[in-house]
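Could you slot chain B onto chain A? The hints should help.
Chains as they are written, first to last, in the working numbering: chain A, 1 to 325; chain B, 1 to 233.
What the hints contain is simulated information worked out from the structure, not anything from laboratory work. Just so it is clear, the structure is predicted and the values come from calculations on it, not from any experiment. Hints may be right or wrong, so weigh each one.
[To be verified] Cβ-to-Cβ under 10 Å is the rule here; a few derived chain B residues that face chain A: (1) Tyr11; (2) Gly70; (3) Pro89; (4) Arg103; (5) Gly132.
[Stated by the list, open to error] Cross-link-like lysine-lysine pairs, in silico, DSS-like; alpha carbons within 25 Å at most: (6) B:Lys13 <-> B:Lys45; (7) B:Lys45 <-> A:Lys207; (8) B:Lys167 <-> B:Lys180; (9) B:Lys151 <-> B:Lys45; (10) B:Lys45 <-> B:Lys180; (11) A:Lys207 <-> B:Lys151.
Idealized CB from N, CA, C, for every residue including glycine.
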Amino acid sequence: MIRPVLLAVVAAAALAFPHVVTANYFIHLAVLAMVWMIVAAGTNVIQGYAGYVSIAQGGFMGIGAYSSALLSLDAGVPVWLAISVAPFITALAALIAGYPSLRVRGHYFAILTLAMNMVIYIVLVNWIPVTGGEAGTTGIPAPEPISIGTLEISFERRVNYYYLVLAALALTMLIVTAVVRSRVGRVLEAIRQNETFAEAAGVACWKYKLFAFVISASLAGFAGALYAHYMSFISPAPFSVDHSLNAILAVILGGSGTLTGPLVGAALTVALPEVLRIAEIFRLIIYGFALVVVVIFLPRGLVPWIADLAGRDWKLPRAQSAESR
Amino acid sequence: MLAVTDLRIAYGKTEVVHGVSFDVAAGECIALIGANGAGKSTILKAICGLIPPSSGDIRFEGRSIGGLPGHAVARLGICMCPEGRQMFPEMTVLENLQLGAYRRRSEDISGTIDEVMTLFPRLRERASQLAGTLSGGEQEMVAIGRALMAKPRLCIFDEPSLGLAPKVVDEIEETLMKIKNLGVTILLVEQAVSMALRVADRAYVLEAGEVVASGTSQEISNDSRVQSAYLGG
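The following block holds chain A by itself, in its conformation from the complex (with noise of 0.2 Å):
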């Protein structure tokens, strides 16, 4: 009974936040939180569910981030085709690398995706006559204005690009409910548990883990697509394996394997740094410090825990586990 109310608690408030808070900047973190938001629901559903981590989350961003961008500057594709087809294109790249690399197990698979993010972040800056290196790209245009009779919906505006992401959010996670409320999603909690005995049951492993990879990616390339869009300039630092961890990091942090718990995490792993602020020279090791004792402590992540405060069962955190891998 309280999760539906909760739900449309959250809703309205997310619809009412740039109008109650109306600094730019804010608006502005908003944004971005819901961009990381993408990356760690998509991130959960190889990590949290299927119970293997990936490290190439930020480079498959970069790829979405990267496609979009030059589809609509270089080959003057419209910015929403752009930004629609971005998601395909980076599980084209996800299906190619996990093809191979998802026959093997465990921690080898974690070396793998690192080595993708590398391999992602290098091209990135040393391709320049497409990617502009190092330098990056500028002039990316925001997607094209919509009209309903005379009123014209710019975003430019970051209101209405706040609207825009919030809408692409709440697409993800209706992609991603689906996904591991369906048999799919029990099978790959069956990966997790327990791997070798799914494959006795008749289970062909290395499909689900694939399509849990690609699924995670696609969303990444999504994100990076919003995020291309929203900043108008991209250049290869924000895909980096830094950004790969924090997309671990928001979904360890919130509750790996619930679907609400990574944006949680990717919220704070966008609101903190910006919070300690205050700190300033202490920022980063105040930050640091939080991060260890939610780990040591609270073990399951933060929704979990809050969760089991409010003393009631929302049946997702079904016990510590995928951390435990």
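Using the frame of chain A, we list chain B on its own:
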């Protein structure tokens, strides 16, 4: 039904199974017995597609299955019940059983769940409990029940008695007898030799990667070498 001919398996350069042959006919219960390191589990892994044999032939119903991936072997109707009470610890007993029937159509599953729960009344009581919280014997029941859910043509049990209390081992023995009486073909790998010989029709004794004796369970129990090595006689 299952015919293994001159099977050789190596880990790296070290050959650990040196040309083992045995066969299991439909409806039969065969035991592979032997001490630690005799190669029993290695042979099972090769049958189930977890490691490729270096030479020799594994045929299931006339079809060569050596080197097929694990899930493909499972789809042919060979169901492995791995050692060490393998199950999905964070899923309920019911969910574990449902996943056992992964490759079957969902309509016909509920009947099988009922059969398994009739076989293990304890599982019916615990249907909604997380499998990881069950006792060792109950977990083994989940593992065996999960294997039966697939309606296998050949059911392979790898050391079902491992690490269980003697009283629970007796229960497992009873269960294996019941499964055998249902007409399921069984390949049983055990270190609890006397128990295995009571359940099985025929047995093969493995030592250091070779079959050193084979025959009906009766013959094997009366074999003086087996008696002195395994049965405390």
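Do the hints match the structure? See the list:
Taking 10 Å as the C-beta contact cut-off toward chain A, the hint placing Tyr11 (chain B) at the interface is violated, the least distance being around 17 Å. Because the smallest distance between the Cβ of Gly70 (chain B) and any Cβ of chain A comes to about 4 Å, under 10 Å, the interface hint for this residue holds. Because the smallest distance between the Cβ of Pro89 (chain B) and any Cβ of chain A comes to about 6 Å, under 10 Å, the interface hint for this residue holds. Contact between Arg103 (chain B) and chain A, as hinted, is supported at the beta carbon level, the nearest pair being about 4 Å apart and thus within 10 Å.
The criterion of a C-beta within 10 Å of any C-beta in chain A is met by Gly132 (chain B), whose closest approach is roughly 7 Å, and the hint holds. As the CA atoms of Lys13 (chain B) and Lys45 (chain B) are separated by approximately 18 Å, the hinted pair is consistent with the 25 Å bound. For the suggested pair Lys45 (chain B) and Lys207 (chain A), the alpha carbons sit about 21 Å apart, so the restraint of at most 25 Å is met. With a C-alpha separation of about 20 Å, the suggested pairing of Lys167 (chain B) with Lys180 (chain B) holds against the 25 Å cut-off.
For the given pair, Lys151 (chain B) sits about 20 Å from Lys45 (chain B) by alpha-carbon distance, which is consistent with the 25 Å threshold. Straight-line distance between C-alpha atoms of Lys45 (chain B) and Lys180 (chain B) comes to about 22 Å, which keeps the hinted pair within the 25 Å bound. The straight-line distance between the Cα atoms of Lys207 (chain A) and Lys151 (chain B) is roughly 23 Å, inside the 25 Å bound, and the hint therefore holds.
When the structure is compared with the earlier hints, a violation turns up for hint 1 alone.
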